[in-house]
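Let the hints inform the model, and build the full structure from the sequences given.
Respectively, the protein sequence lines represent chains A and D.
Following this note's numbering, the numbering of the first sequence begins with 1 at its first residue and continues without gaps.
Following this note's numbering, the numbering of the second sequence begins with 1001 at its first residue and continues without gaps.
Since the hints were derived computationally from the structure, they do not count as laboratory data.
Among the clues, some could well be false.
[As the list claims (entries may be wrong)] Derived lysine to aspartate or glutamate pairs resembling EDC-like cross-links, with alpha carbons at most 16 Å apart:
id	chain 1	residue 1	chain 2	residue 2
1	A	203	D	1048
2	D	1047	A	201
3	D	1094	A	156
4	D	1104	A	201
5	A	18	A	42
6	D	1094	A	284
7	A	371	A	262
8	A	195	A	156
9	A	204	D	1240
10	A	18	A	183
11	A	18	A	185
12	D	1278	D	1310
13	D	1099	A	50
14	A	221	A	129
15	A	203	D	1019
16	A	285	A	370
17	D	1094	D	1135
18	D	1099	A	48
19	A	240	A	156
20	D	1180	D	1120
[To be verified] Pulled from the structure, derived: some chain D residues nowhere near chain A, Cβ distances all over 10 Å:
id	residue
21	1018
22	1025
23	1152
24	1235
25	1297
[Stated by the list, open to error] Negatives, chain D to chain A, calculated, CB over 12 Å:
id	residue
26	1009
27	1021
28	1039
29	1083
30	1094
31	1101
32	1102
33	1108
34	1173
35	1176
36	1217
37	1249
38	1267
39	1270
40	1290
Cβ atoms here follow ideal geometry from the backbone N, Cα and C, with glycine treated the same way.
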Amino acid sequence: MGKRVGIEVSIAIAEAVKLARAEVIAAYPITPQTHIVEHLSEIIANGELDAEFITVESEHAAMSCCCGSSAAGARTYTATSSQGLALMSEILYHPGPMRLPIVMTVANRALAAPISIWNDHQDIMAQRDIGWIQTFAENGQEAVDLTLHAFRVAEDRKVSLPVIVNIDGFTLSHVIEPIVIPDQEEVDAYLPAFKPRVRLDVKKPVTMGPVGIPEVYTEAKMAHNEAIKASKRVILQGWKEFAEIFGREYNPVETYRSEDAEVLLVTMGSISETAMTAVDAMRDKGTSVGLVRIRLWRPFPGPEFRKAAGKASVLAVIDRCLPPGAVCGPVGAELRSIFYKMPGAPKIFSFVAGLGGRDVTVELFEEIVDKARAYAKKRPTELYEVIGVRER
Amino acid sequence: MITELEKFKGFSAKNLPKEEGLAPGHRACQGCGEVLALRMVMKALGKDVIVCCATGCMEIVTTPFPQTSWQVPWIHIAFENAASVASGVEAARKVLMRKGRIPKRHVDILAVGGDGATGDIGLSWISGAMERGHDFLYVCLDNEAYMNTGVQRSGCTPYGAMTTTSPPGKKGSGQVTWKKNVPAIMAAHGIPYVATASPAYFLDLMNKVKKAALVEGPAYVHIYSPCPTGWGSAGERSVEFAKLAVETRIFPLYEVIEGRYVISRKITKPKPVTEYFKGQRRFRHLSEDQLSFIQAKVDEEYARLMKLSEAT
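Shown next as structure tokens:
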């Protein structure tokens, strides 16, 4: 049995990486990710974890080191945020098709301009299509558990893909929560040592990352796509076994008071807890409302989401990202696609909220639900709406 | 003093290794000085080496999937980050050996890039890796432009040279800046070993590469690599041009061992730079003024190098 302690979420994630026995960590400091790698360097300096910590000169180099380390067969971890994730961007496209199982925590944060250190999902949505498995944590416990799950899934030989665990910057990374830190024995039982199928080894030379001439490029991309789609089975299996060992259950999509709800809020990340409070408040007033939360973002759990949405007639999707000039937020677009031309599909309204650290309050959720219900009767003129904008 | 080099006797014509890390059969242009140099590098290193290659000619011509010219483990990630990838490989091997997860065995780690990947876009990545002190060898194969993308100028393109982005015209007269001194930048990191080499002096090249691999910590070898396609020169004259670059003092051969400059081949009676320029289309537009400027600057740079070797 693990030990329940009051601990900052970033520190707890670092503890999870230690329990996972990470072997190489390469990182560059960026707010609000810093506490994670700071604590990891302390852990290594204290001899609590036998790992190499590479103090790189940029996030781009961090991800480059991670590619080299993973290719050489070491369990590899890094963490970043925002501009750092953007700086990594070029290299983020490599480990997927190259099947390098790197695990990364992204403490989600807004992107400049204007410069902002506060939380939203613009950084990760700009990297939506890098071909990594991606999950979103709601709270500290989930952040810890998803980190262990990430290593397990990434390194499974049937998967062999990089994984990102998204946590909301500050609102999650910097809060102190009661979190069960698992026992080393439990983690060891869940997470065997990394045994790559191929690695850079002079006894068995391989060529990694060759030129993709036109005759093979499409097939290489296709193989990656198939791998990420097929990873869902292992992701689910990973959560099933997690429940067996640690007693905490996880699913690709979670619901709250959704069974008979007419309107469903759709969220990702830590605002979901506020959304639950809002659902309770609205239910008390007699509004038929529930919540669907997406935990697994890539591969997108389409069937699970359709099932979770049930018979609701209205979906109010909250995106924490405003793609300029687009028709709606990325989560909204995804959901419109999976319900497209489906008989009895709910009406989907896309809202953008909580940009650059703006609070997403219970009142804001109530406003969103009111608007969605009104739009269900009379279609809005715009395809999405930015909520909570100050007029002056 | 670096103790690792004491036992090394050096290659000679009689004891050249038979092993080839780079197999025959690749898609480099005829007369490519770069692939010739790379073959020597690999011959010097043997089979116990992991290669981290930057994007560039050597990556493209050796690995069109499903073919590969590499007989040793090889990885390519991107244009600028070969040194970082090498850092990751080195760190991973270190921890895996320490934990007994892989057998203990010394393996050289080679990062290789062209002059664009090394002197321009990748400079910060290489600098970071050297500052951290990873035990690896970086080899720059310098053909003096972004050849793989169609001969655009790089920071290592020599003054006056014509490229597609430094074209001579009514107002321009080729590259306007002096060649970036990348070996000096590397030496400034205080790493144990830096050297310049040329495929025209193949034993010297192989010995320097081997020494660079033997020293513990980061090492850097800058190899002059003629490019008939980019230079507009005859393929069969590549080695000749590589030799002329040394004999005219345009590309002096030297080592920087723990900060000590050692000139490998003193050129006491230099040939005029014009002799090197003849037969290279990239220099044919040079004016008399430009030629005199280049000659004066080459003399000055060589004198500075001599002073460095005397002073250190």
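Verification of the hints:
1. A/203 - D/1048: The given pair, whose Cα atoms are some 8 Å apart, holds under the 16 Å limit.
2. D/1047 - A/201: Roughly 11 Å between the alpha carbons, so the hint for residue 1047 of chain D and residue 201 of chain A holds.
3. D/1094 - A/156: violated (23 Å)
4. D/1104 - A/201: holds (12 Å)
5. A/18 - A/42: holds (11 Å)
6. D/1094 - A/284: violated (60 Å)
7. A/371 - A/262: Distance of about 14 Å is within 16 Å: holds.
8. A/195 - A/156: This hinted pair holds, its Cα atoms lying about 9 Å apart.
9. A/204 - D/1240: Violated: residue 204 of chain A and residue 1240 of chain D sit about 38 Å apart, past 16 Å.
10. A/18 - A/183: Measuring from Cα to Cα gives roughly 11 Å; hence the hint holds.
11. A/18 - A/185: holds (13 Å)
12. D/1278 - D/1310: Answer violated: residue 1278 of chain D to residue 1310 of chain D is near 33 Å, above 16 Å.
13. D/1099 - A/50: Measuring from Cα to Cα gives roughly 8 Å; hence the hint holds.
14. A/221 - A/129: Holds, at roughly 12 Å.
15. A/203 - D/1019: holds (15 Å)
16. A/285 - A/370: Within the cut-off at roughly 13 Å; holds.
17. D/1094 - D/1135: holds (10 Å)
18. D/1099 - A/48: Roughly 14 Å between the alpha carbons, so the hint for residue 1099 of chain D and residue 48 of chain A holds.
19. A/240 - A/156: Holds - the C-alpha atoms of residue 156 of chain A and residue 240 of chain A are around 15 Å apart, at most 16 Å.
20. D/1180 - D/1120: OK: residue 1180 of chain D and residue 1120 of chain D at ~9 Å, within 16 Å.
21. 1018: holds (17 Å)
22. 1025: Given that every Cβ of chain A is farther than 10 Å from that of residue 1025 of chain D, nearest at about 14 Å, it holds.
23. 1152: holds (20 Å)
24. 1235: Holds: least Cβ distance 23 Å, greater than 10 Å.
25. 1297: The claim stands: residue 1297 of chain D keeps its Cβ more than 10 Å from every Cβ of chain A (closest is about 32 Å).
26. 1009: It holds; residue 1009 of chain D is separated from chain A by about 24 Å at its closest Cβ, greater than 12 Å.
27. 1021: At roughly 9 Å from the nearest Cβ of chain A, residue 1021 of chain D sits no farther out than 12 Å, so the non-interface label is violated.
28. 1039: holds (16 Å)
29. 1083: Check fails; 8 Å does not lie beyond 12 Å.
30. 1094: The claim is violated: residue 1094 of chain D sits with its nearest Cβ about 6 Å from chain A, within 12 Å.
31. 1101: With a cut-off of 12 Å, residue 1101 of chain D comes too close to chain A, as the shortest Cβ separation is near 7 Å.
32. 1102: violated (7 Å)
33. 1108: Non-interface label fails for residue 1108 of chain D: nearest chain A Cβ at 9 Å, not farther than 12 Å.
34. 1173: holds (35 Å)
35. 1176: holds (29 Å)
36. 1217: For residue 1217 of chain D, whose nearest Cβ neighbour in chain A is about 15 Å away, the distance exceeds 12 Å, so it holds.
37. 1249: Holds, since 35 Å exceeds 12 Å.
38. 1267: holds (37 Å)
39. 1270: Since the minimum Cβ distance to chain A is about 39 Å, residue 1270 of chain D lies beyond 12 Å and the statement holds.
40. 1290: holds (38 Å)
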